[in-house]
Structure formats: structure tokens, C-alpha cells
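Below are the chains, spelled out letter by letter.
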Amino acid sequence: MMIFENFSAGYDRGFVIRGISCRLDAGKIYALIGPNAAGKTTMLRSIIRDVPLRSGGIIIDGNDTAYLTSSELAKKVSYAPSEMHPAFDYSVLEFVAMGRFAVNRAFWETEEDINRTHEAIIAMGLESVRRRSVAQLSSGQKQSCLLAQIMAKDTDIILLDEPAAHLDIAHRTDFFGKVLEMKNNARKSFIITFHDLNDALNAADEFILLKEGEVAAVKKRDEINEETLSSLYGTELSICEFSGGRRAVLPLLGH
Amino acid sequence: MRILIFLSAFVIASGCSRHKAPEGLRVVSLSPGITEIIYAIGAQDALYGITSHCTWPPEALREKESVGDFSFPSMEKIALIQPSLILAAGDGQGKAISHLTNAGYNVRVFHPADISELFRHIIEIGRLTGKEKKASELVADMKKDIRSIPKVKNKSVFIEVCPQPLIAASDKTFLSSVCEIIGLKNIAVFKDSYPGVNAEWLIRQKPDFILLTGSSEEEFRALHPYIKNAKLLRPSDIDIIVRPGPRITRGMREIYYLAEDAEKKQ
Amino acid sequence: MRGKKDFMLILAGAAAAGVFVFFLSVCLGHEGFGIPEDAILRLRMTRALCGAAAGAALAAAGVAYQTVLANPLADPYLLGSSSGAVFGIAALSFFGISRAGVLFPVTAGICSCLTVAAVLKIAGRSFSKKNIILSGVAVNFFLSAAVIFLISFRKKEFFSLIYFMMGDLGETRMSLISASVIIAAAGSLFLFYKSRFLNALAAGKTLSRQLGCDWKKESLIALIAASVVTGAAVSVSGTIGFIGLMAPHIARKFTGSDARFLLPVSASTGAILLMLSDLAAKNLLFPQEIPVGVVTAMLGAPFFLWIYRK
Numbered sequence: 000m001m002i003f004e005n006f007s008a009g010y011d012r013g014f015v016i017r018g019i020s021c022r023l024d025a026g027k028i029y030a031l032i033g034p035n036a037a038g039k040t041t042m043l044r045s046i047i048r049d050v051p052l053r054s055g056g057i058i059i060d061g062n063d064t065a066y067l068t069s070s071e072l073a074k075k076v077s078y079a080p081s082e083m084h085p086a087f088d089y090s091v092l093e094f095v096a097m098g099r100f101a102v103n104r105a106f107w108e109t110e111e112d113i114n115r116t117h118e119a120i121i122a123m124g125l126e127s128v129r130r131r132s133v134a135q136l137s138s139g140q141k142q143s144c145l146l147a148q149i150m151a152k153d154t155d156i157i158l159l160d161e162p163a164a165h166l167d168i169a170h171r172t173d174f175f176g177k178v179l180e181m182k183n184n185a186r187k188s189f190i191i192t193f194h195d196l197n198d199a200l201n202a203a204d205e206f207i208l209l210k211e212g213e214v215a216a217v218k219k220r221d222e223i224n225e226e227t228l229s230s231l232y233g234t235e236l237s238i239c240e241f242s243g244g245r246r247a248v249l250p251l252l253g254h
Numbered sequence: 000m001r002i003l004i005f006l007s008a009f010v011i012a013s014g015c016s017r018h019k020a021p022e023g024l025r026v027v028s029l030s031p032g033i034t035e036i037i038y039a040i041g042a043q044d045a046l047y048g049i050t051s052h053c054t055w056p057p058e059a060l061r062e063k064e065s066v067g068d069f070s071f072p073s074m075e076k077i078a079l080i081q082p083s084l085i086l087a088a089g090d091g092q093g094k095a096i097s098h099l100t101n102a103g104y105n106v107r108v109f110h111p112a113d114i115s116e117l118f119r120h121i122i123e124i125g126r127l128t129g130k131e132k133k134a135s136e137l138v139a140d141m142k143k144d145i146r147s148i149p150k151v152k153n154k155s156v157f158i159e160v161c162p163q164p165l166i167a168a169s170d171k172t173f174l175s176s177v178c179e180i181i182g183l184k185n186i187a188v189f190k191d192s193y194p195g196v197n198a199e200w201l202i203r204q205k206p207d208f209i210l211l212t213g214s215s216e217e218e219f220r221a222l223h224p225y226i227k228n229a230k231l232l233r234p235s236d237i238d239i240i241v242r243p244g245p246r247i248t249r250g251m252r253e254i255y256y257l258a259e260d261a262e263k264k265q
Numbered sequence: 000m001r002g003k004k005d006f007m008l009i010l011a012g013a014a015a016a017g018v019f020v021f022f023l024s025v026c027l028g029h030e031g032f033g034i035p036e037d038a039i040l041r042l043r044m045t046r047a048l049c050g051a052a053a054g055a056a057l058a059a060a061g062v063a064y065q066t067v068l069a070n071p072l073a074d075p076y077l078l079g080s081s082s083g084a085v086f087g088i089a090a091l092s093f094f095g096i097s098r099a100g101v102l103f104p105v106t107a108g109i110c111s112c113l114t115v116a117a118v119l120k121i122a123g124r125s126f127s128k129k130n131i132i133l134s135g136v137a138v139n140f141f142l143s144a145a146v147i148f149l150i151s152f153r154k155k156e157f158f159s160l161i162y163f164m165m166g167d168l169g170e171t172r173m174s175l176i177s178a179s180v181i182i183a184a185a186g187s188l189f190l191f192y193k194s195r196f197l198n199a200l201a202a203g204k205t206l207s208r209q210l211g212c213d214w215k216k217e218s219l220i221a222l223i224a225a226s227v228v229t230g231a232a233v234s235v236s237g238t239i240g241f242i243g244l245m246a247p248h249i250a251r252k253f254t255g256s257d258a259r260f261l262l263p264v265s266a267s268t269g270a271i272l273l274m275l276s277d278l279a280a281k282n283l284l285f286p287q288e289i290p291v292g293v294v295t296a297m298l299g300a301p302f303f304l305w306i307y308r309k
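So the sequences go chain by chain: A, B and C. Number 186 in numbering that gives the first Met the number 0 belongs to position 187 of the first sequence; there are no gaps in the numbering. Number 7 in numbering that gives the first Met the number 0 belongs to position 8 of the second sequence; there are no gaps in the numbering. Number 69 in numbering that gives the first Met the number 0 belongs to position 70 of the third sequence; there are no gaps in the numbering.
Derived from the structure by calculation, the hints contain no laboratory data. None of the values given here were measured: they were computed from a predicted structure. Be careful, since some hints might not be right.
[Claimed, not checked] Restricting the straight-line Cα-Cα distance to at most 35 Å, the calculated cross-link-like pairs of lysine-lysine (DSBU-like) are:
no.	chain 1	residue 1	chain 2	residue 2
1	B	K94	C	K215
2	C	K154	B	K76
3	B	K190	C	K154
4	B	K76	B	K184
5	A	K182	C	K252
6	C	K155	A	K218
7	A	K177	C	K155
8	C	K155	A	K74
9	C	K155	B	K264
10	C	K252	A	K74
11	C	K154	A	K74
12	C	K215	A	K75
13	A	K75	C	K193
14	A	K74	C	K215
15	B	K94	B	K150
16	C	K252	A	K219
17	C	K154	B	K154
18	C	K128	C	K252
19	C	K155	B	K154
20	B	K152	C	K155
21	A	K75	C	K204
22	C	K155	B	K205
23	B	K171	C	K154
24	C	K215	A	K210
25	B	K132	B	K150
26	C	K204	A	K27
27	A	K27	C	K215
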């Protein structure tokens with residue numbers, strides 16, 4: 000679905016990603032992992048052209064993204080930032096409905112727009128707060144709003160930047176549950192940067208290992224072992240395995 | 000900035016006063032009207048400085064040093080002239096006068112409220128410059144001239160100073176008192192000399208005439224299309240009607256004839 | 000979700016309130032309430048028209064500036080946009096051009112665009128709330144000084160222009176008023192037509208991109224439209240501060256932030272605010288007048304501080 004061809008992007012000052020070449024398949028969750036300052040957010044934002052392209056390109060469904068119009072690109076890819084601070088009091092309903100703007104730019108929403116918006120709000124469990132201002136919601140609810148907006152947009156590719164960074168363990172589980180549901184039921188593809196490697200190990204199908212702005216490797220879930228993670232982060236890590244194939248990663252702290 | 004200029008003027012002035020001041024009378028006039036009076040009584044030899052607005056008589060600006068603007072004269076230029084007497088008009092010169100007084104200059108303010116006060120001021124300027132005789136002759140001539148000017152019968156006038164915002168010369172001004180002599184009653188009765196007024200109020204007051212001193216007839220008509228009934232009077236030379244000076248009698252005559260012509264046209 | 004039907008209701012309400020206040024400012028005078036004689040009726044209608052048009056235009060521009068910059072403190076006056084327009088008009092009178100017509104609002108619009116560009120350039124790429132306001136204030140000071148410098152050469156118009164810088168609705172030249180009203184209305188309607196883009200822009204640079212809105216292009220278009228509208232408003236009313244700040248915030252209380260509803264209601268609120276301010280300016284010291292910009296600043300400056308502290 001998505002092919003990076005010697006892709007480089009970045010501002011003159013700030014993080015830069017360089018020479019990325021890889022191929023990502025549809026209907027999978029990719030975890031974009033790597034140490035701080037590896038360029039994870041830059042890579043996600045460069046896919047939606049929010050960071051200037053330097054060379055190479057990205058091909059989505061056979062189209063080079065550099066030649067798509069903003070609205071064509073928005074119909075293919077969605078992006079949710081890790082945090083948002085809306086300057087004005089848009090209600091949850093208005094915020095989620097904005098997602099439909101990418102699909103239909105007419106002055107008034109059509110009936111389909113309205114139905115899709117309501118479906119997304121129900122799916123994300125935001126019904127009770129739909130008239131509240133997005134700015135007043137908790138971090139977890141804000142992330143749900145962003146995902147609902149993306150759901151209403153209905154794109155095949157979804158990029159999430161540390162979506163669970165501010166969520167507690169229960170909300171995190173709930174959130175990734177919904178992501179898995181979207182992957183399984185609607186065959187959406189995700190590229191997600193994870194705040195917590197444990198979430199990545201449990202939710203992702205494949206891993207993009209990013210180091211100093213370059214992709215070190217793309218590995219399947221079962222190819223990830225203590226060695227790959229330790230060398231990626233430059234510190235010794237151990238992986239514990241539990242029943243049912245679930246895994247957790249722990250740093251070695253000397254006591 | 001102004002404070003800096005003032006300070007330097009102060010330093011120069013106080014520095015100079017320690018030296019021997021030049022002999023004789025050295026007058027600076029800060030008002031076009033006073034400059035005209037000085038020339039009319041033949042005291043121009045004692046005049047060393049005038050403002051850039053002193054356009055009459057025409058030779059004044061050629062012969063005399065200009066000390067700059069009416070409201071903001073240059074303190075340094077005045078200090079260089081070392082005047083023994085400064086004559087000012089008062090209106091709009093409050094800052095300059097207080098700076099000059101504080102710097103130790105001999106400042107006399109002549110701000111006539113009406114024509115008889117103007118006469119007293121002419122006599123006083125004559126006394127200060129040693130031209131008493133010429134001054135009283137001038138006053139006598141002016142009085143005679145005024146007596147010969149016919150009067151308009153019971154008409155009201157609005158005296159415009161600025162068209163937008165609309166500013167009037169109120170009954171407290173010299174110009175208003177002059178109009179009153181020729182039979183034009185000022186409708187703008189205010190505490191201030193030059194109040195800004197509302198166009199609605201002007202429409203309601205229905206003056207017979209509007210005396211324009213700040214705009215031409217076309218300009219005024221364009222800016223105030225709803226003020227229709229009043230007849231506009233626009234003197235060809237504004238200076239002769241707004242300056243309290245020897246030419247005011249000509250100004251009064253001009254206003255009278257403008258009013259008479261406007262009446263006839265109807 | 001609100002749709003066309005709610006919109007019609009809200010629009011009718013806002014229009015009715017605007018018409019009511021227009022009627023009030025025509026009929027309410029120093030002598031009391033009533034339909035005045037013909038000349039005064041015309042005078043008051045012209046003045047109320049100027050007030051309504053300038054107020055609505057400034058409010059529409061305010062909505063656009065606030066949403067595009069995602070900055071609740073933005074306002075044509077605080078951004079320097081109004082001062083830029085006044086500078087344009089002062090420059091025209093410096094060159095002795097006083098024939099009022101299309102030239103005034105067009106020049107004012109161009110100058111206001113350039114000023115906003117300069118302010119944003121100075122504020123830097125981050126568009127931070129405080130940077131923009133600080134750079135707006137600095138540019139405002141500079142332009143006010145430049146205007147006074149320019150008009151020092153035109154003694155005759157000096158006072159008129161000083162008064163103009165404080166806000167003056169006494170304009171009666173129909174060619175100027177009609178040109179400005181048409182430009183302001185066209186610009187405001189264009190912004191209204193772009194309402195959904197404004198909504199997307201309000202979400203910020205990155206989110207607006209994921210909504211399929213070309214952030215750079217669309218914010219440029221909206222800023223230019225807002226500045227042209229401001230220029231047209233300024234050429235009939237002078238510098239009137241804070242209407243573009245207050246009106247959108249008041250309107251948001253009724254409509255929420257959706258620009259499709261916010262823009263028309265803000266325009267109506269702005270028109271009402273300015274007409275009421277002018278009623279006060281005209282009648283408080285009757286028959287003397289206070290510049291209407293003084294009245295709006297006295298209301299607006301505390302309002303600004305309140306928004307700032309929120």
C-alpha cells in the first residue's frame with residue numbers, strides 16, 4: 000500500500016529523516032520505534048507533507064504523494080498528533096464532523112456526512128460528551144475525538160503519534176482495543192509511534208526501527224528480540240514472555 | 000524631544016543672560032496679527048523674529064528671521080535672537096509661552112476677546128515699542144472704518160474652523176465678536192473657544208449663514224451634503240478675518256458684502 | 000448537528016437585531032425618540048450605515064484573523080492592520096489626493112495586507128500568541144508615528160487626520176461609502192463562503208493538513224481577504240479598535256466556534272456594537288462629539304485583558 004523510495008524530509012533546523020526505502024502492507028499495524036530524537040514524529044508528519052520533502056518520495060496506491068493535491072492526500076492518509084490544544088471551543092460533534100471536510104467540501108454536510116459522524120462518535124464512546132467543548136476534555140477523550148474524526152474521514156492509512164502518551168493503563172487498553180477493531184473490521188493500516196514499548200509489542204504486527212533519522216530495519220513481531228531492542232536503544236533490555244504469547248520488555252536496573 | 004530642545008534653549012538662554020545683552024529693544028512676534036500691528040505702526044525696526052505664518056506684509060518674511068511654527072517655535076532660534084520682549088497670541092501657544100516664561104524671557108500675551116480689546120492692545124504695543132502716536136492714529140482710523148461698514152439685520156451665523164470633524168468658533172472668540180458687530184449672531188454658544196460639534200445640531204440650529212474658514216465651498220458641500228439651507232460665506236482671504244490685526248476692518252467689510260451678495264442671490 | 004434550517008433561524012435573529020439597532024440609531028437622538036426631519040434622517044442613516052458596515056466588516060475580519068492564527072487575541076487593530084490602512088490613506092492625502100472613491104478603500108486594503116505580512120514576519124514562524132500581539136503593537140507605534148510625520152506636511156488636513164486616527168463615523172461622501180461598503184461586503188461574503196476552510200485552519204497547521212486543507216494557501220487567502228475588508232472598513236471609519244476582538248467573542252457565546260454560524264452573527268454583533276458606541280459618542284456630550292474609537296477602546300481594552308487572562 001505504501002512504498003518509501005529513498006525518502007528524505009526535514010527542515011533546515013530540526014529533525015531530519017534520510018534515505019528511507021521500505022514497503023508497508025495494507026491491513027497491518029506498524030509500530031514506529033526508536034530512541035528519542037530518532038525522527039519518529041518528523042517521519043509521520045512528512046508523510047502528510049507537514050514537513051518539507053528533500054528527496055525521493057512516497058508512493059501510495061500507485062501515486063507519488065508529492066503530486067497529489069492536499070485534499071486527495073487527505074482522503075488517503077489521516078494523522079493524529081500526540082497532543083492538541085484547540086484555541087477555540089469547538090464541540091466534539093463539530094470537531095468530528097470536520098473529518099468529513101476532507102471528503103466533502105460542500106458548504107453544508109450531507110446526510111451521509113452526518114450519519115458517519117454519529118457512527119464515529121458512538122464507536123468511540125463519545126456520545127455523552129458530544130456537545131462539550133473539545134478543549135475541556137481529558138487527554139484520553141481528546142485522543143478518542145481525534146480517532147473519531149479519522150474514523151469519520153474513513154481513510155485506509157492512519158498515522159498516530161504517541162496516542163497513549165497521556166492515558167492511564169485502562170484507557171490505553173481501551174484505546175488500542177479500538178485501534179485493533181478498526182484494523183480487523185475495516186482493514187485499516189496504521190503507523191503508530193508508541194510511548195510504551197509494551198503496547199507496541201502487544202498491538203503491532205510489524206516494527207519499523209528508526210535510528211538517527213534512518214530506518215535500520217523493518218521486522219515482523221516475532222523477529223523482535225532482546226538483541227534488536229537493546230541495540231536500537233543502546234541500553235540492555237530484557238523481554239519476558241507470558242502465556243498466550245504476550246510479551247513485556249523491561250530495562251535492567253542495577254539495585 | 001521637545002524637553003531636550005527646551006533644555007538646550009534654557010542652557011543657551013541662561014548662559015547668554017550672564018553676558019551683556021545687546022542694547023535696545025529686540026522684539027520677537029509669535030503671532031501673525033501682532034506682526035501686522037508692528038508693521039502698521041512702523042515699529043518693524045525693533046522686530047527681530049517672527050513665525051513662519053507671518054505672511055503679511057509680504058516683506059516681513061523676507062526681512063525678518065523666522066523662529067518657526069506658531070505653536071511650536073524653535074527655542075534655540077529665539078535664544079540666538081536674544082529678545083528683550085516676546086509678544087504672543089496665547090491661543091494654542093500655552094506650552095511655548097510657559098517654556099519661554101520659565102526660561103526668563105519677558106513674554107507679553109495679547110489675546111483680544113473683542114475689537115475694543117484689540118484697540119487697547121494696539122495702544123499697548125505702541126507704548127512698548129515707543130510708537131504711541133502712530134498706534135493711536137491707527138486705532139482712530141480703524142474705528143472710523145468700522146463705523147462706515149453697513150450692518151446685516153438680525154442674521155445668525157455658524158463659524159466653521161474645520162469641516163471634518165466639524166469644529167466651530169464659539170461666541171468666546173474674537174472672530175465671533177467681529178461678526179456680531181456687523182450684525183451676525185453666532186449660534187455656537189459654548190464654554191470652549193473652538194468646540195467640536197455634531198452635524199445634527201448644526202442642521203437643527205438652522206443658521207442663516209455659515210462662514211467658512213477651514214474649507215472651500217465645494218469641500219464643505221461634499222462633506223456635509225445634508226446641510227442645505229444655510230448660505231455659505233467663503234472669504235477670498237481668510238487671514239484678514241481671522242487675524243486680530245489692522246486688516247480686520249477689511250475682513251469685516253468682506254464678510255458683510257459676502258452676506259449681502261448671498262442674500263441677493265436668493 | 001446544526002444545518003441549514005438552524006442557520007436560517009440564527010441568521011434571521013442576527014439580522015433582526017441589527018435592523019433594530021439601526022432603527023434605534025436613526026430614531027434616537029438628543030431630543031428623544033422619534034422619526035427626525037428629513038435632513039437629520041438622512042444624516043443619521045448615512046452615519047448608521049457607516050457604523051453598521053464598518054462594525055460588521057471589522058468583526059468579520061476579526062473572526063478570520065482569530066481563526067487563521069488560532070489566536071483569540073487577534074483583532075484588526077491589535078494586528079496593525081487598521082494602522083496600515085490609515086497609513087495608506089494618510090499617504091494619499093500626503094500626495095494631495097483627496098478625491099474619495101474606490102481609490103481609498105483599495106489603497107487602504109493593500110497597505111493593510113502589507114502591514115499584516117510584516118507583523119507576521121516579525122513575530123516569527125511559530126505564530127505564538129504573545130509574539131504576534133507584541134509585534135503588532137510595535138508596528139502600530141511605528142505606523143502611527145509615520146502617519147503623523149506624513150500629515151505634518153499637510154497642515155490643513157492635520158487635525159482631520161488625527162481625528163480620523165481616533166475613529167470617526169462622520170463620513171458622508173457617498174462615492175467613498177458605497178465603494179467601501181461593496182468591498183467590505185464582498186470580502187466578508189467571501190470569508191463566509193470559506194467558512195469550512197476557516198474551521199479547518201482553526202485546528203492548527205498540522206491538523207488542517209490532515210483535513211485536506213492546504214494550510215499555507217488557505218491561510219494566505221483568508222488573511223488577504225480579512226485585510227482587504229479591514230481596509231474598506233477603515234476608509235469610512237478611521238481606526239476603530241477592539242470591535243474585531245469583542246464581537247467574535249460575544250458571538251461565540253451564542254453560536255459556538257463553527258465559522259458558518261460565527262461569521263454572520265459576529266458581523267451583526269460588530270455592527271450593533273459600533274452603532275451603539277456611536278450613539279454614546281454622539282450624545283454623551285451633545286452637541287460636542289467624542290471620537291467613537293475612544294468609546295470602543297474604553298470598552299475593548301478591559302475586554303482584551305479579560306480574554307488575555309483566560
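Indices of hints not satisfied (ascending): Structure breaks hints 1, 4, 5, 6, 7, 8, 11, 15 and 16.
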